[in-house]
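Could you slot chain B onto chain A? The hints should help.
Order-wise, the sequence lines are chains A and B.
Using this note's numbering, read the first sequence as starting at 1 and increasing by one per residue.
Using this note's numbering, read the second sequence as starting at 1001 and increasing by one per residue.
Simulated from the structure, these hints should not be mistaken for lab results.
Any given hint might turn out to be false.
[Said to hold, decoys possible] Residues from chain B that face chain A, not an exhaustive set, calculated with beta carbons under 8 Å:
{"id": "1", "residue": "THR1115"}
{"id": "2", "residue": "GLU1124"}
{"id": "3", "residue": "LYS1143"}
We put the beta carbon where it would ideally sit given N, CA and C, even for glycine.
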Amino acid sequence: MKLQLSFIIFLLFFYSFPLYAQDSLHRGPVNQLLRDTSVNGNEMLNEVVVTATRTENRVSNIPLPIQVISAATIRQSGAQRLIDILQMQTGLMIASNPLGTALQGYPNPFGDGIQMQGLDPAYTLILIDGEPVTGRNAGIINLGRIAVGNIKQIEILKGPATSLYGSDALAGVINIITDNPQKNDFNFQSYYATNNTLGLTGSANLKTKKAAWQIFGKRYSSDGYDFDKNIYGQTVDPFTDYSFSGKMIYDFSDNSNLLASVRYSSGKQKNAYLIYPDNSVVAVGGHTIEEDKSIFLRFKNRVHNLISYSVQVYGANYANNANVYYKNDGALFDHIGLSQTLIKPEIQLNIGKDPKSLWMTGVGYNWEKISSTRYDKVHQLNSWYLFGQKQWVFNNANIITGLRYDKNVLYKAQLSPKIAFAYKFTPEFILKASVGTGFKAPDFRQQFLNFDNAMVNYNIIGARELGNVLQDQINKGLLEDNEDVRRYMIPVELKPEQSVGINLGFDYTLKVNTVFKLNVFRNDISNLIESYSLPFISKNGTGFFSYKNVNRVFTEGAELTIQHRFNKQFSMNLSYQYLIAKDKEVIRELKNGEIYKRDPLTNVSSPVDLSDYKGLYNRSKHSGNISIRYNNDKLKGSVMIFAKYRGKFGYNGLDGFNDGNDILDDDREFIKGFTLLNISATKNLGSHIDIQGGIENLLNYTNKVYMPNIYGRIYFANLNFKF
Amino acid sequence: MTMFKLSALSFVALVMGFVSCKKEDQKEEVTPAVTKTDSVRASTTGNFAFYSFKDGKAIEVSDSATTKWDFGIRFVSIIVNSHASGPGNVGVVTEKGIFDTYTVAPESGYAYDTTSSKLAINSEVTGGWYNYSGPPTHSFSPKAGMFFVFKTTDNNYVKVEMLSARYEDFVGPMPTHIWHKFRYVYQPDGSREFK
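Chain B with its partners taken away, still in its complex shape:
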């Protein structure tokens, strides 16, 4: 029964994908979105590591007070460039589902780093964006089926999925650095379509 449901669902998804593709075809030409997989090296206690989707690379700490970056990460805490965290106006919608089949960014509902204790992305141990395994490995892994839609500092839309978190080294009770791997689809033309 479940198998049937699943295949029925994927059939529906397929048809819908086909239909929407057709729609796309009828539209005028759309700037192709940029798809990329990247990693940032985050300190567990020091400064945040910053990243820009437009540039597709990490941004220096010295630029933390500018609108050059979209998000920053320290250990497993994510900040975005708005209000309490930076001069930008980066908003985030946390979505559930399959990253690949997600095609249109929402018009509204974006959350911001309103205050330093109320951030756009929930990074708490339970209810946050990752799972924490506890001892003895203390591993973190991003929750599957969860991803973010950013309205970036340059007013474009990007969908981002965190893929993995790996310690660089782990001697003693606290690791010093953690590598976060993520992939994103960045739409540079201001439209909400990830195509």
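So here's chain A without its partners, still in its complex pose:
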């Protein structure tokens, strides 16, 4: 422990693999593999990951596009929340549900998610230690509520991963791997930044011969900020988040262990806005409280040289409660509540030589339950699944094939295959190719929602509830009982949204210090579920919306990464993503000459040419990032510069522009590209303390109307203790 911390950070970044191969059950084969230097001479490809195969594997052995964000990178960036780290990565863009965009002081109720390979946040599965995070609001898991602290690494797997993880893993998987206790130590961090943002993080690890313990706690709060004083309420309201977790690993022997972990997090955010009953103005306010609880138990046992199994159960509950009161008399104005529970037992069996010829299979069950003030009753969405994967590692090639079967009570069984292949032409040049399918189950909202917004006169109804609600309206005499209405009362079975994803690329090691990675991807999504309005209204003027499978879209592009280490002090990472994302229905209609545009100045209409179609809104054709690290052992200091460029992207109705169609076909619909530049410096003061300071968004980019989640320049300071 006498090594300087900054040096350790440097080591972690470049030589991270031995530290990560810590799971006693897999230590043997993985370490063997790591010593086998003939496989690949470059340490930059040596990180060990679990997301791609559900077994430990070195990045260079995985024929899939996977990216690892190390603990050192996270620490060096000073980031406090998951979203802050993810938005700086190549090909990942912040995306929020358009309905969640702040309007006239209304808070954004859904939070921010991440767009991957051009697909919306709903299509990326978010895992913590391999288990799904619950609580999607309007398809989005609010990544702002996931604290950063005891993270070992973040693994980003791109391309469909349904063959291992089931529903939602269409675009890919983000798996947050938490730290395991290595020794007795105690860490404390205090963080302070602009907007009175305060982060207090502490963790303690205890390691005995047989057992390892960890407790972790974090408090993160901010005053938020207000971009427009003329609009009632703040742009981002003050909030306070707490997260706690505990973990215990007990080794019965070298071959068997038990892991138990619990997590709890809560986020409390103020809300204040105006409502307009009967054309008068009334102020309301209160709090929204999000709570997230989970428990995980896993027993792993290696019964034979070639056979190991694990038995596990995961339970999680997400609750979101908003209480809003009238400012004048304190009476309750509105209560919105949502509670989602998941219980997921699973057994996994590994047979064979790891990784040379490993057969992995598993079976599990999902009990999922949801209740909400916007649903009529408590709904269940139970499913069971079976998956298998075979992995072969030859001298110059490796192959992974996988298959998963998901049976849900509400829709047809899904079979999701995947095959991935890597071939090493030379030790420096590895070709990687994979094809897989993915699906996303229709969510609770699309199936069961019954939301009657009496203020604006519309009713959103889940596909399964539509018949009941319309019948109810007929019974109340609000709808006529005729053919036009009857047609919509036939029960609609929403099909899962489905995708086929292809990834093709290579890793090319030029000397030991430079690596090129290229990945070309294509995703074809069908049966996209969208809301639509019914072509009639009730006698009291209420319009109806429901959900159906409609669109087919595709996204395609390429991701290029160059990593280079100049010397012991300097290293650099440069990445670029090219992306095309289009709606196939729109292309068909354009080919048929069915889509027109109207010049907003002359009001003259003309057909839109196919070549004018620029694709889906909110996608940047060009994006990229660059990070530069400098480390000086003598000065015990390090500096990191991180820049993310997001090229121009379309926004429907930007600045009131509209040319009479709903597609992106005009340059005036683009939000200009921008760069977020972060810089941080860390200085080690002896073996127990280091200090850090930095500036996020140094260029002070803001777009107050369309990207209110970007504040502008933020200064921060960090103090770390380690004992």
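Same frame as chain A, but now just chain B:
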């Protein structure tokens, strides 16, 4: 290729226009159609704003029970003067294409406001006559390449294209008024030709 197709198409259109012009010339004299661009101020929650093509102006709410008006609009909902909406017999055909080159109204296929929940013009958020941008601007814009042919309350034909929809003011979650701009070609002599 597309460019070629386009120019070929416009060439065909040109020739056809020429041919049809010739036809027109051979015909006996036709009353010239009235071409006009106008706007109505529609309330978002209150009464419908009514309009008459014959008079070329807005009609008072007090005349809502008469056959003086052809269509009415509230926020983005359009009603026409027939059955459930009024005593007239106004029918509408919703057409797709280019307004300017459209010359003859269809003989049949007119839709009416049969019931209060089944109207001649679809004003729903998806599938209706406009696009809705959603937050934060919540702007509406008439779909390009879509227009209406009315058989009016005085049994004449008119082709109508909605051009724009602009909020008068927008404070709070609900705007109070919206201006709809539209243009039309009204044929006062009862013929179906818009010339």
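Taking 8 Å as the limit, does the beta-carbon of GLU1124 of chain B come near enough to a beta-carbon in chain A? At about 4 Å, which falls below the 8 Å cut-off, the nearest Cβ of chain A leaves the hint on GLU1124 of chain B intact, so it holds.
Can we keep the LYS1143 of chain B interface hint, with Cβ of chain A closer than 8 Å? holds, 6 Å
Given a cut of 8 Å on the nearest C-beta pair, is the interface hint for THR1115 of chain B held or broken against chain A? Constraint on THR1115 of chain B satisfied, holds at 6 Å.
Violated hints: none; the structure is consistent with every hint.
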